[in-house]
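Taken in order, these protein sequences are the chains called F and U. Position one of the first sequence corresponds to residue 1 (full-length UniProt numbering), numbered consecutively onward. Position one of the second sequence corresponds to residue 1 (full-length UniProt numbering), numbered consecutively onward.
It is worth saying that the hints were derived from the structure and are not from the lab. Possibly wrong hints are sitting among the right ones.
Intra- or inter-copy, both count: the list cannot distinguish identical chains.
To be verified - No farther apart than 25 Å at their CA atoms in a straight line, the calculated lysine-lysine pairs in the PhoX-like style are these:
1. K20 to K284
2. K10 to K280
3. K361 to K113
4. K361 to K284
5. K204 to K13
6. K199 to K160
7. K417 to K114
8. K10 to K114
9. K160 to K10
10. K280 to K90
11. K90 to K122
12. K124 to K25
Bear in mind the structure is a predicted one, so any value in this text is a computation, not a measurement.
What follows is each chain in one-letter form.
There are 2 protein chains.
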Amino acid sequence: MDKSNINLTKSIKAMLKRGKVAEIKELLLYLHPADIAELLVDIQNGSQKALFKLMDYEKAAEVLDELEPEIQIDLIDSLAEKEKAEILEKMSVDEIIDLLQELPESKVEKLLKKLPMDELEKVKGLLLLSRDSAGGIMTTDYVYIPEDTPVPEAINMVRKFGREAETIYYLYIVDRDHHLVGVLSLRELISARRDMIVKDIMHKKVVSVHVDDDQEDAARAIEKYSLLAIPVVDSDQRLMGIITVDDALDVLREETTEDIHKLAGITAEEDIILTGSPLKAAQKRLPWLLICLFGDLIAGSVIKGFESTLETVIALAFFIPVLMATGGNVGTQSLALAVRGLATGEITAGNFVSYIFQEAKAGLIVGIICGAILTIIALAWQGNPNLGLVVGAAMGVALTLAALIGMIIPMILNALKIDPAVASGPFITTVVDITTLMIYFSLATCFFNLV
Amino acid sequence: MDKSNINLTKSIKAMLKRGKVAEIKELLLYLHPADIAELLVDIQNGSQKALFKLMDYEKAAEVLDELEPEIQIDLIDSLAEKEKAEILEKMSVDEIIDLLQELPESKVEKLLKKLPMDELEKVKGLLLLSRDSAGGIMTTDYVYIPEDTPVPEAINMVRKFGREAETIYYLYIVDRDHHLVGVLSLRELISARRDMIVKDIMHKKVVSVHVDDDQEDAARAIEKYSLLAIPVVDSDQRLMGIITVDDALDVLREETTEDIHKLAGITAEEDIILTGSPLKAAQKRLPWLLICLFGDLIAGSVIKGFESTLETVIALAFFIPVLMATGGNVGTQSLALAVRGLATGEITAGNFVSYIFQEAKAGLIVGIICGAILTIIALAWQGNPNLGLVVGAAMGVALTLAALIGMIIPMILNALKIDPAVASGPFITTVVDITTLMIYFSLATCFFNLV
């Protein structure tokens with residue numbers, strides 16, 4: 001919630017109300033498309049469309065490039081047919097694809113008719129690719145250079161074809177059949193000797209991704225190798241397109257959001273949850289809630305199993321919340337460490353055992369400290385030394401196990417090639433709840449029967 | 001846990017054991033520094049250092065650039081004094097800074113002495129800047145061009161000074177006092193007319209960050225405006241350095257990890273937790289655990305407050321786990337949506353009210369569904385219609401409130417300029433636990449007294 005943006009939104013809204021069209025147009029000229037996009041998200045529906053229509057086609061297309069598909073659709077729908085065609089023509093190919101993938105079949109057909117012939121061919125081919133694949137996010141606007149091009153001619157090609165390209169800083173070298181055979185940075189090209197041909201100065205080892213690879217793998221490769229773009233090839237190593245670092249950033253942000261949501265036990269992409277209907281939102285949250293609901297009924301039946309112990313020492317119930325909650329918290333902490341460690345590649349097949357030991361030790365230390373504190377509190381509160389010992393011991397054991405459960409379950413999922421973030425916090429918490437209550441009531445039963 | 005890497009690690013380990021030094025050296029020549037870095041993390045201590053020493057200084061410096069500071073320190077410590085100086089000289093300035101910031105005072109002095117004079121000046125100035133600021137992650141290896149330089153000469157400057165620079169694709173234009181006055185992409189420079197001077201073709205509106213700005217703000221600006229680098233300026237608008245997109249990616253990854261950890265109630269940076277001593281790890285996890293421990297003792301005292309109700313209907317205890325857990329889960333889900341929505345800028349000052357309503361409705365729907373299911377189960381399990389109604393009603397009310405608590409608390413923190421991720425899952429869960437138990441036992445007491 002940027003202060004300057006709040007003010008800008010307010011003054012533009014006021015200008016819209018007072019019909020100060022010329023002033024707004026002037027203001028929009030100076031704003032970056034990303035800022036205008038942010039402004040449009042802030043402004044409510046009616047004015048949103050009015051504002052959008054004040055931009056020229058070029059700017060409008062740039063702004064659309066920055067927006068989420070559902071707002072794009074909304075805005076484009078508000079335009080006259082001729083305007084639609086004009087703006088679509090100016091949008092970048094990968095953004096058009098993103099947009100079309102969100103639309104129902106019937107609308108796609110209508111929009112496709114508005115594209116110029118050469119774009120139509122590109123777009124139709126790309127639409128067949130899976131949305132979450134490298135192919136789904138690549139662009140076909142890149143610079144390629146045949147391998148036997150002399151350096152001066154290559155520089156001319158960059159000048160000429162570079163205008164339309166998403167990046168001109170990496171030049172992809174292809175053979176006669178458009179196989180990717182090398183790469184050259186613009187930096188290397190401009191400092192190369194003028195009498196060379198590109199084949200002799202290019203790098204033959206090129207990091208590339210397959211068109212069917214997951215989009216996240218492509219983004220991670222860009223991140224790992226600090227690239228500005230990565231080429232996308234088919235199974236014959238033919239160059240299909242490129243993914244640029246700014247799109248990789250978008251993918252990583254999306255995937256992070258997905259991971260955080262999954263960790264919290266939500267099973268959907270962000271756009272559906274935050275802006276969709278409440279009914280749909282509820283639907284995406286229910287699966288884990290229901291699984292855990294039944295899981296915690298099992299936890300409840302553990303208590304029922306020890307009903308007579310509880311009836312004898314009703315004070316045992318007072319410590320159920322603190323034991324369940326602390327166990328769940330420790331389990332969630334370990335889960336977060338495991339899931340993030342696996343996602344960033346810090347936990348590997350070579351070192352995961354040491355992480356488990358590390359986690360067990362940390363859990364034990366945390367368990368001893370919390371257990372000791374709880375023993376003292378229970379003693380002071382209930383004045384019952386036996387109860388204090390049972391509660392404290394249960395806490396110590398439960399936390400150590402909770403740390404292990406939170407660390408090991410995502411590792412197992414990962415080894416089984418299942419996204420470890422699926423082991424959501426709610427799931428881990430439920431497993432820990434059942435474990436904790438069993439430990440607690442077993443200890444209590446033994447102890448109070450013995451004493 | 002990449003399969004090919006596991007095999008590579010194994011075969012290199014075997015080669016090390018059999019002393020096949022020449023073969024390993026050969027292999028290392030073909031590997032990308034990022035891959036070698038990954039390999040080093042995988043391999044255990046002894047062999048790690050042996051392997052590191054097999055690389056030439058150039059490659060070793062590149063590999064160090066890719067590693068976390070603590071492994072860097074470990075590897076550098078294992079080198080002879082002369083080697084240290086050679087490798088340090090080849091590392092990039094921003095990486096040296098990162099490294100020095102992790103070292104104790106005494107070691108910093110020793111290492112600084114090994115730097116060549118010109119680097120020493122740069123490094124000393126940068127060391128004074130805060131670690132998490134834009135200044136702390138910027139590099140001083142950039143290309144700047146005086147404003148009255150003719151285009152052909154500018155191209156020559158790029159060729160000449162570009163060798164050492166982190167990027168040559170953005171050229172920063174400065175006046176006589178090194179004030180940042182404009183920016184030009186290499187793309188624009190090479191397609192510019194040869195008779196122009198850079199001042200006439202540069203962009204005068206430059207997105208920049210202040211040297212004291214948070215590093216996350218710098219990274220978000222790069223992401224938002226799809227930049228390859230962003231200039232860092234002081235309060236007089238003098239150009240101090242640049243931050244490149246690959247460093248922005250690192251920052252965003254770190255900050256995401258921090259957010260996920262904070263959400264799970266862990267109060268530290270990743271490196272300390274996952275690889276530090278278990279005692280330190282425990283220390284970083286205890287603050288929230290203890291706060292929540294006391295919070296859930298309050299939840300326990302709610303039960304104690306209704307002791308007589310519980311003694312009358314002991315079966316009330318069987319449903320404590322499911323009510324607490326489901327309430328906590330819904331609260332955590334809403335928290336995740338709120339924190340992520342705030343971090344990505346989807347929730348703004350203009351639209352946050354609609355998110356709250358949205359969340360209340362979703363909570364209500366989820367509450368009604370879970371409440372109805374629980375009523376039926378309670379009835380079937382305990383054969384007590386009153387108990388069923390109490391449990392179901394409590395569930396419905398508690399979940400609606402949980403959704404609101406999880407959404408509103410991070411929004412309040414955000415408005416108070418506190419990082420909303422601080423409202424960790426454990427904290428929200430504790431607040432929800434207390435609320436849920438109060439609703440449950442109040443309803444139970446009313447209901448069973450009335451009937």
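query = Broken hints, numbered, in rising order?
reply = 1, 2, 3, 5, 7, 8, 9, 10 and 12
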